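Trainee: Sequence:
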Amino acid sequence: MSSDVDVARTRRFRFDVGLMAASKVLGLLFNLGITIVLARELGPDGRGIVAVALSLTLILIQVGSLGIASANPYFIARDVTMRTSIVTNSVWLALGLGASLIALGAAVRIGFPGVVAGVSWREMLIALACIPASLLSVFLQGALLGLGRTIAYNLIEIGQAAVSLVVLLIVLRVGHGGVMGALLTLTGGAVLGAAVYAMVLRRDIRVVVGPDLGLVRKMARYAVRIYVATLLAFLVIRLDLLLVNYYLGTAQAGIYSVAAAMAAGMYVFPAAVGVNLFPRVARGSEGELSARVFRVVACLFAIACAAAAPVAGPAINLLYGSRFAAATTLFYWLLPGIFCLGMLTVLSHHFAGRGFPRKAMLVWLVGLGVNLILNFTLLPKYGTYIAPLASSIAYGILLILHIRMFAEESGGYGVLLPRSSDFSFRTPRSA
Numbered sequence: 000m001s002s003d004v005d006v007a008r009t010r011r012f013r014f015d016v017g018l019m020a021a022s023k024v025l026g027l028l029f030n031l032g033i034t035i036v037l038a039r040e041l042g043p044d045g046r047g048i049v050a051v052a053l054s055l056t057l058i059l060i061q062v063g064s065l066g067i068a069s070a071n072p073y074f075i076a077r078d079v080t081m082r083t084s085i086v087t088n089s090v091w092l093a094l095g096l097g098a099s100l101i102a103l104g105a106a107v108r109i110g111f112p113g114v115v116a117g118v119s120w121r122e123m124l125i126a127l128a129c130i131p132a133s134l135l136s137v138f139l140q141g142a143l144l145g146l147g148r149t150i151a152y153n154l155i156e157i158g159q160a161a162v163s164l165v166v167l168l169i170v171l172r173v174g175h176g177g178v179m180g181a182l183l184t185l186t187g188g189a190v191l192g193a194a195v196y197a198m199v200l201r202r203d204i205r206v207v208v209g210p211d212l213g214l215v216r217k218m219a220r221y222a223v224r225i226y227v228a229t230l231l232a233f234l235v236i237r238l239d240l241l242l243v244n245y246y247l248g249t250a251q252a253g254i255y256s257v258a259a260a261m262a263a264g265m266y267v268f269p270a271a272v273g274v275n276l277f278p279r280v281a282r283g284s285e286g287e288l289s290a291r292v293f294r295v296v297a298c299l300f301a302i303a304c305a306a307a308a309p310v311a312g313p314a315i316n317l318l319y320g321s322r323f324a325a326a327t328t329l330f331y332w333l334l335p336g337i338f339c340l341g342m343l344t345v346l347s348h349h350f351a352g353r354g355f356p357r358k359a360m361l362v363w364l365v366g367l368g369v370n371l372i373l374n375f376t377l378l379p380k381y382g383t384y385i386a387p388l389a390s391s392i393a394y395g396i397l398l399i400l401h402i403r404m405f406a407e408e409s410g411g412y413g414v415l416l417p418r419s420s421d422f423s424f425r426t427p428r429s430a
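Sequential numbering of the sequence shown, starting at 0, is according to numbering that gives the first Met the number 0.
These aren't lab readings, by the way, just hints derived from the structure by calculation. It is possible that some hints are incorrect.
Derived pair list, reagent style DMTMM-like, types lysine to aspartate or glutamate, alpha-carbon separation capped at 20 Å [unchecked claim]: (1) LYS217 to ASP78; (2) LYS358 to GLU407; (3) LYS358 to GLU408.
Derived CB-CB ranges, DEER-like [to be verified]: (4) THR376 to GLU407: 31 to 37 Å; (5) GLU407 to CYS298: 19 to 25 Å; (6) GLY411 to ALA324: 42 to 48 Å; (7) VAL190 to PRO356: 55 to 61 Å; (8) SER409 to ALA106: 25 to 31 Å; (9) LEU377 to SER321: 23 to 29 Å; (10) ARG418 to SER119: 52 to 58 Å; (11) ARG418 to HIS175: 32 to 38 Å.
Since the structure is predicted, the reported quantities are computational estimates derived from the model, not experimental observations. We put the CB at the ideal spot given by N, CA and C, even for glycine.
Work the whole structure out from these sequences, hints included.
Mentor: This is the structure in structure tokens:
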């Protein structure tokens, strides 16, 4: 097993990025198919109910992750001998945290019913039931990343999305399962994914009485910092949809969810780059690798975002139907924010690999604050377009702050300016 890990770690950065980017594109196509099936079979209201239920669930998963999803690859990349204890802890923590988060989700449904208006108790509980399995999946996926097992990392993710799409199509088109059938299918997909991750890492799962609390404490300092940052980042991304549902109803939430799904497709490439950059920085790669990666991604991603603008409208009408045509305008408002989010993702993964300094955590408070202020003050009065506009402004501010931090660390802003040598075929040694 150790020899497999050693081989995986020697793969060149470009190969890993290419592999993950291809995987993310396939996963995107499958997930796009899921959103299309949901939209066409359930309509704006049904699509909105599913989106709201899953958004609350995803927020709870992020709240309950406690930074473990990022701490796992960081510590395994730095010391591979810790992998068995880390994987075993992940199983125990996913079960314990998952049960607590289901109870928290039920409490939210009782105390703040307006946030999930239109979602029944039965629908809400089915969505919440996937939390333990989803936590286990992200924890174990992080372990695979730290081990350099990118093939397994990507294949399981693709397989889960593909199976979910096929089953969802059968349940909704043939079985007329409706919203309940959709939620049951997606929850089942999460459970299947967790089971496969556990099977792949079964040699590193020990049968023990409880978790290694000493290791948990050792990882806590790093985990807490990155937890706060990733939680704030996730809230900036996800709270918009819940606020749209709260102020404007499930139909508008369903339309906005389509714009968000299209925008998420644009995010695949920089996300794949950042995820692969992270363990390399943790293992000691120099800052020049991160700077070069940022420069290359900035040029390529800007071109991709510009190319997406003229095709967004026809694509939405073709894939989702005329009932979701209003999502095109929302996508345009969100597009500048997607570029900024993609670029700050690269830099935030760099800082995560550096041990995540405190200021890299605190800047996300600024982004969340800007997003919430704009949504609370303007969304009820001016309508749905405020949500993507608020996100774009928040992401723009966050990117500026991340660039400033990187420039301070690297000796100036010039290291992030594109240069012709960035597009040569020679790979930096630090990769």
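Trainee: Confirm or reject each hint.
Mentor: Consistency of the hints with the structure:
1. LYS217 to ASP78: holds (13 Å)
2. LYS358 to GLU407: holds (12 Å)
3. LYS358 to GLU408: holds (12 Å)
4. THR376 to GLU407: 31 to 37 Å: Given about 33 Å between the Cβ atoms, the range holds.
5. GLU407 to CYS298: 19 to 25 Å: Given a distance of about 23 Å, which is inside 19 to 25 Å, the answer is holds.
6. GLY411 to ALA324: 42 to 48 Å: The hint (42 to 48 Å, Cβ to Cβ) holds, given that GLY411 and ALA324 are roughly 46 Å apart.
7. VAL190 to PRO356: 55 to 61 Å: violated (37 Å)
8. SER409 to ALA106: 25 to 31 Å: violated (45 Å)
9. LEU377 to SER321: 23 to 29 Å: Distance hint for LEU377, SER321 holds at roughly 28 Å.
10. ARG418 to SER119: 52 to 58 Å: holds (56 Å)
11. ARG418 to HIS175: 32 to 38 Å: Given about 57 Å between the Cβ atoms, the range is violated.
Checked against the numbered hints above, the structure violates hints 7, 8 and 11; every other hint is satisfied.
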